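Modelling step: build the complete structure from the supplied sequences, incorporating the hints.
Number of protein chains: 2
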Amino acid sequence: MDYARLFPFWAQLSLEEKDALHRSAQTVRHKKGALMHRSAENCKGLMAILTGQMRTYILSDEGREVTLFRVHAGDVCVLSASCLLDAVAFDVLIEATEDTDVLMLPSPYLSEIMENNPYVELYLYKTAAEKFTDVVWTMQQILFRKVDQRVAQFIWDETARTGALALRITHDEIARYIGSAREVVSKVLKYLAEHQAVELRRGVIHVLDKEKLKIFL
Amino acid sequence: MDYARLFPFWAQLSLEEKDALHRSAQTVRHKKGALMHRSAENCKGLMAILTGQMRTYILSDEGREVTLFRVHAGDVCVLSASCLLDAVAFDVLIEATEDTDVLMLPSPYLSEIMENNPYVELYLYKTAAEKFTDVVWTMQQILFRKVDQRVAQFIWDETARTGALALRITHDEIARYIGSAREVVSKVLKYLAEHQAVELRRGVIHVLDKEKLKIFL
Numbered sequence: 140m141d142y143a144r145l146f147p148f149w150a151q152l153s154l155e156e157k158d159a160l161h162r163s164a165q166t167v168r169h170k171k172g173a174l175m176h177r178s179a180e181n182c183k184g185l186m187a188i189l190t191g192q193m194r195t196y197i198l199s200d201e202g203r204e205v206t207l208f209r210v211h212a213g214d215v216c217v218l219s220a221s222c223l224l225d226a227v228a229f230d231v232l233i234e235a236t237e238d239t240d241v242l243m244l245p246s247p248y249l250s251e252i253m254e255n256n257p258y259v260e261l262y263l264y265k266t267a268a269e270k271f272t273d274v275v276w277t278m279q280q281i282l283f284r285k286v287d288q289r290v291a292q293f294i295w296d297e298t299a300r301t302g303a304l305a306l307r308i309t310h311d312e313i314a315r316y317i318g319s320a321r322e323v324v325s326k327v328l329k330y331l332a333e334h335q336a337v338e339l340r341r342g343v344i345h346v347l348d349k350e351k352l353k354i355f356l
Numbered sequence: 140m141d142y143a144r145l146f147p148f149w150a151q152l153s154l155e156e157k158d159a160l161h162r163s164a165q166t167v168r169h170k171k172g173a174l175m176h177r178s179a180e181n182c183k184g185l186m187a188i189l190t191g192q193m194r195t196y197i198l199s200d201e202g203r204e205v206t207l208f209r210v211h212a213g214d215v216c217v218l219s220a221s222c223l224l225d226a227v228a229f230d231v232l233i234e235a236t237e238d239t240d241v242l243m244l245p246s247p248y249l250s251e252i253m254e255n256n257p258y259v260e261l262y263l264y265k266t267a268a269e270k271f272t273d274v275v276w277t278m279q280q281i282l283f284r285k286v287d288q289r290v291a292q293f294i295w296d297e298t299a300r301t302g303a304l305a306l307r308i309t310h311d312e313i314a315r316y317i318g319s320a321r322e323v324v325s326k327v328l329k330y331l332a333e334h335q336a337v338e339l340r341r342g343v344i345h346v347l348d349k350e351k352l353k354i355f356l
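First to last, the protein sequences are chains A and B. The first sequence: position 115 = 254 (the working numbering), numbered continuously. The second sequence: position 145 = 284 (the working numbering), numbered continuously.
Worth flagging that the hints you see were computed from the coordinates, not collected in a lab. It should be emphasised that the depicted structure is a prediction, and the values quoted were computed from it without experimental measurement. Honestly, I wouldn't trust all of these hints.
Heads up, the list lumps identical chains together, so a pair's fine if it works in one copy or across two of them.
Listed next, the in silico DSBU-like pairs over lysine-lysine satisfying Cα-Cα at most 35 angstroms (straight line) [unchecked claim]:
#1 K183 to K349
#2 K285 to K171
#3 K329 to K285
#4 K353 to K285
#5 K351 to K183
#6 K170 to K157
#7 K171 to K349
Right under this line is the structure:
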């Protein structure tokens, strides 16, 4: 396991600190759909995503979900260690959206190191600030852009990220990622299909024409 | 000027660093309505609010404004120094909502100190993370709560913050704070007035009955 690549603060740890984290680190598999984090009370630790994908979301009293951001293989999930960050005082939920393997550094061990090593805390807050950027972007999308633009943007970003023109994803999943309702997403997708930007097959959205899709961004 | 109270990282500066910041610090007055920060390009520095109030907001292409959070006397405005924070990659606008005096530590001087002193950078990111908390709260309000609750909550919080039952504020200002439209806010206020929770006078909202107002939260 390449700790130095997964956790950029690794170079600033002493040998003893590296050794303590090495011995406490755990590889954990989360099945698709598993809730990995529910509130600051079950604050497991810092997770580097080895394979798979997770999403961080907020939930209303009525059960409405809004996805704040996603993390993919190679990213680090810092809000699963939010108990280490006094200045982060909000609760989010974190769900595995695919079968996901993570390398986890448990909170108690990190906490001990943080007391003497400001670089670990700085890394955690920096990573949180990157997520702050993602959340402001999400907020701008939800508040300022129309739902058809957001669906088109989501498909556009996914093809860019995965390098594939066929996306295996349900309308319901897209709705939860962009903070909308399934019916609305289905309607927009039908509209995009009528304009030959995409083709809809069972469980798959196939991008037919990226230039046409771009018009809807 | 009590630098140690305004800037909590002060105790972790060397004498030379303190001296450099002392000599570069500026007291600046911003008139009500002045735009103090427009984008990362005019990144002036870290501002401690001495008197007054500022709001940080985002703006859509169509000119719609959504207030992310406000800062008051004794608070520090960190996003006016966002160029110092690589991980913060979004643009906000910052406006003085009252005549506001700030003590500003200019970015170039802070930047130099940050190269050798991780505690300054840690402080900036920690403060940014507190604002992250505010923004998630704002997002939950906007996405999950009805506009009448948000108006009532705003009035409730303002009476708690100022300790006064009479708020000198226009309907338009409330609309911009809670990310709604003036007409909508006026309608809700009329509704609250009909229920004897508030009384509306020219330029003033008077809270008549806090218990009645609480029902609308």
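- Task: Provide an ascending list of the numbers of those earlier hints which the structure does not satisfy.
- Result: 1, 5
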